[in-house]
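Chemist: Residues per chain are reported as follows:
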Amino acid sequence: MRLLINKIFLALSILSALIGLAFLGWILTTLFLKGLSSFHFSLFVNDLIDGGLRNLLVGQLILAGLASIIGIPLGMTAGIYIQEYGRGKYASIIRDLSDIMMSAPSIVIGAFVYAVVVVPMGGTSGYAGAIALAIMMIPVVINTTDSMLSLVPRELREAGIALGASKYKVILDIVIRAAKVGIMTGILLAFARIVGETAPLLFTSETSNYFSLNLGESFPSLTVSIYDLANEPEESSRDLAWAASFILTVMVLIINLTGRFITRNKHK
Amino acid sequence: MEKIFQKLSLASATLVFVLLVGIFITLFTSAKPAIDEFGLGFITNPDWNKEVPLNAVPQSATVSEDTTSSLSDEDDMIEDEDDMLMDDEDDVETKTIYGGLVPIVGTLLSTLIALAFALPIAMGIAVFLAEIAPKNISNIVGIAIELLAAIPSIIFGMWGLYYFAPIVSGIFGGYQVSLLTAGLVLGVMILPFMAAITRDSMNTTPSVLKESAYALGATKFEVIKDIIFPYSKVGIIGSIILALGRALGETMAVAFLIGSIFQLPKALNDPTISIPVAMANNFGEASGLGESSLFYLALILFVISFAIISIAKFFFLKKAK
Chain S
1 MRLLINKIFL ALSILSALIG LAFLGWILTT LFLKGLSSFH FSLFVNDLID GGLRNLLVGQ
61 LILAGLASII GIPLGMTAGI YIQEYGRGKY ASIIRDLSDI MMSAPSIVIG AFVYAVVVVP
121 MGGTSGYAGA IALAIMMIPV VINTTDSMLS LVPRELREAG IALGASKYKV ILDIVIRAAK
181 VGIMTGILLA FARIVGETAP LLFTSETSNY FSLNLGESFP SLTVSIYDLA NEPEESSRDL
241 AWAASFILTV MVLIINLTGR FITRNKHK
Chain L
269 MEKIFQKLSL ASATLVFVLL VGIFITLFTS AKPAIDEFGL GFITNPDWNK EVPLNAVPQS
329 ATVSEDTTSS LSDEDDMIED EDDMLMDDED DVETKTIYGG LVPIVGTLLS TLIALAFALP
389 IAMGIAVFLA EIAPKNISNI VGIAIELLAA IPSIIFGMWG LYYFAPIVSG IFGGYQVSLL
449 TAGLVLGVMI LPFMAAITRD SMNTTPSVLK ESAYALGATK FEVIKDIIFP YSKVGIIGSI
509 ILALGRALGE TMAVAFLIGS IFQLPKALND PTISIPVAMA NNFGEASGLG ESSLFYLALI
569 LFVISFAIIS IAKFFFLKKA K
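In order, the protein sequences belong to chains S and L.
So the first sequence is numbered by the working numbering: it starts at 1 and just counts up by one.
So the second sequence is numbered by the working numbering: it starts at 269 and just counts up by one.
Heads up, some of the hints might be wrong.
What the hints assert, rightly or not - Below are the PhoX-like pairs computed for lysine-lysine, each with C-alpha atoms no more than 25 Å apart in a straight line:
| id | chain 1 | residue 1 | chain 2 | residue 2 |
| --- | --- | --- | --- | --- |
| 1 | S | K89 | L | K493 |
| 2 | S | K7 | L | K275 |
| 3 | L | K534 | L | K318 |
| 4 | L | K318 | S | K7 |
| 5 | L | K403 | S | K169 |
| 6 | S | K167 | L | K271 |
| 7 | L | K271 | S | K89 |
| 8 | S | K180 | L | K271 |
| 9 | L | K318 | S | K169 |
| 10 | L | K581 | S | K7 |
| 11 | S | K167 | L | K581 |
| 12 | S | K180 | S | K167 |
| 13 | L | K271 | S | K7 |
| 14 | S | K180 | L | K275 |
Claimed, not checked - Here are a few chain S residues that sit away from chain L, every Cβ distance over 10 Å (derived from the structure):
| id | residue |
| --- | --- |
| 15 | G65 |
| 16 | G75 |
| 17 | K89 |
| 18 | V116 |
| 19 | A162 |
| 20 | I226 |
| 21 | L253 |
Hints listed in this document are in silico derivations from the structure and should not be mistaken for laboratory results.
Think of the CB as a built atom: it goes at the ideal place given N, C-alpha and C, for glycine as much as any other residue.
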């Protein structure tokens, strides 16, 4: 009897894993079949107004890139503070708050940026979108930096200090260098996360049918346009949405896998 | 230079604090007109964007009483006598009222469905990854499950709407866009998240404990049930609560699937709306009191998720460390 229960339990557990894999397989297969059938290289040449995706892809990458330029230095220095300078309560409060912020609903962050950036500026803009994404990114970068720095052995820091280096030299030249791979992985994963975000962009950057590099106006966003296209009745719009989803997912998964691959090689 | 760097890093750290406080204050001030107008009754009022005669007492006050009391029971058919027609044909002066009950109920119910669906499967996956699978299979499956978590939520929404929902509604009947389909897709989304944290806390069980139990002749099931589970219980509960917090705030997947109508669901396969979806769909056109009411909803969502995540952090995940 005990053995039977054990068998049933193990079977259920394996079944759960199969269910999980089945969902992944199902979603990816759908994406590949639907996406590839509407995929064409002209998508990379034309803008949305001409039935292509060029402006959206460029726009999304600019938004996520700009968010990274804002978010990575802020997140890393904050992480450094928590791990290297912070003593006692304040650092641990910031760490907890950053963890809470990491799970804050993304649509709420969109609403916040709408109130503090979009309304004063008088309209949606690329800047607002990038700021919203940066706010999403900062806590993730803090978390990675914090935990990666905590793995660097104390002796390395002591050796640096013993050689007479000042503390910031030790942090920048020794500690960060030792934790470089881990932090880079974390940043890649954070980038993969924000590049696929839709909710914080809905009313900050919005989207645009035209190619634009002007961050002061409504800015083309791949994800927001997928949402718009998928809700349109015409078959052709939905096909375009599938093609866009396919490109987006491939991009996100490649970034994600690259990140994991880097750490894996390091640990070997 | 040393000083500058230290000050700089302190400033960045403080930014987190400033941002969180800033979000709270901004939401509150933007919601203020709606808070002043509707007070806490907003939470129990099921009417959104409804014209009522000026100076009239909102008739829905009594209706909302009994709907809230039956909320705890998921399967309860919620009777709402919401059939009061918009009788603004007579030339009475009217004002528009907003109530948040429908999106609040929609958010909570869809999250509960997601949790009910994801919990057993996530536990099974975690057990499989931590205890059953050989190391290399566990690694591969682990990465696959984490890739599932990396897929953007809008993709879950499209897949859910065009491929998953028809099957679900084929089995359970009812509408393709409904509380049920939204909840289930939400469940698939939080699945990898829950499984990963649960696996990690299961992995913290010292192997000495496990080996002792095996040496006494325990089966794998008994070791998991009597050794690993009690040991990692706190972390597992923490992971469930974190997943709950994530599901509450999910926007895009639910936006495709919940149906987006302001109506209390009478059954699980009825369409309704959730807070994030109400914001996503109505924010663009809203102004004045309508916009303010959306901020009120955002504030409620923010406070709920803040509370839930704090509970998970302070009571469960801390101890697990």
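Chemist: Against each hint, give a clear statement of whether it holds in the structure.
Modeler: Checked hints:
This hinted pair does not check out: K89/S and K493/L have alpha carbons roughly 37 Å apart, beyond 25 Å. In summary, the hint linking K7/S to K275/L is not supported, as the alpha carbons are separated by about 59 Å, beyond the 25 Å threshold. For the given pair, K534/L sits about 20 Å from K318/L by alpha-carbon distance, which is consistent with the 25 Å threshold. For the hint linking K318/L to K7/S, the alpha-carbon distance of about 58 Å lies beyond 25 Å, and the restraint is violated.
A C-alpha spacing of about 40 Å is found between K403/L and K169/S, which places the hinted pair above 25 Å, so the restraint is violated. Distance restraint check for K167/S and K271/L: the Cα-Cα separation of roughly 10 Å lies within the 25 Å cut-off, and the hinted pair is therefore satisfied. For the proposed pair K271/L and K89/S, the alpha carbon gap of about 21 Å is at most 25 Å, so the pair holds. Between K180/S and K271/L the CA atoms are separated by roughly 24 Å; this keeps the pair inside 25 Å, and the hint holds.
Restraint check for K318/L and K169/S: not satisfied, since their Cα atoms lie roughly 63 Å apart, outside the 25 Å limit. The suggested pairing of K581/L with K7/S is violated, with an alpha-carbon distance near 35 Å, which exceeds 25 Å. The straight-line distance between the Cα atoms of K167/S and K581/L is roughly 32 Å, outside the 25 Å bound, and the hint therefore fails. Between the alpha carbons of K180/S and K167/S the distance comes to roughly 18 Å, so the proposed pair stays at or under 25 Å and holds.
A C-alpha spacing of about 63 Å is found between K271/L and K7/S, which places the hinted pair above 25 Å, so the restraint is violated. Distance restraint check for K180/S and K275/L: the Cα-Cα separation of roughly 23 Å lies within the 25 Å cut-off, and the hinted pair is therefore satisfied. Taking the minimum C-beta to C-beta distance to chain L, about 17 Å, the non-interface status of G65/S holds against the 10 Å cut. Remark: the non-interface label on G75/S conflicts with the geometry, its nearest Cβ contact in chain L lying 8 Å away (cut-off 10 Å).
The Cβ of K89/S lies farther than 10 Å from every Cβ of chain L, with a closest approach of about 13 Å, so its non-interface assignment holds. The claim that V116/S lies off the interface is violated: its Cβ sits roughly 6 Å from the closest Cβ of chain L, which falls inside the 10 Å cut-off. The Cβ of A162/S lies farther than 10 Å from every Cβ of chain L, with a closest approach of about 17 Å, so its non-interface assignment holds. The beta carbon of I226/S sits about 6 Å from the closest Cβ of chain L, which is not more than 10 Å, so the claim that it is off the interface is violated.
Residue placement check: L253/S does not keep its beta carbon more than 10 Å from all beta carbons of chain L (closest about 6 Å).
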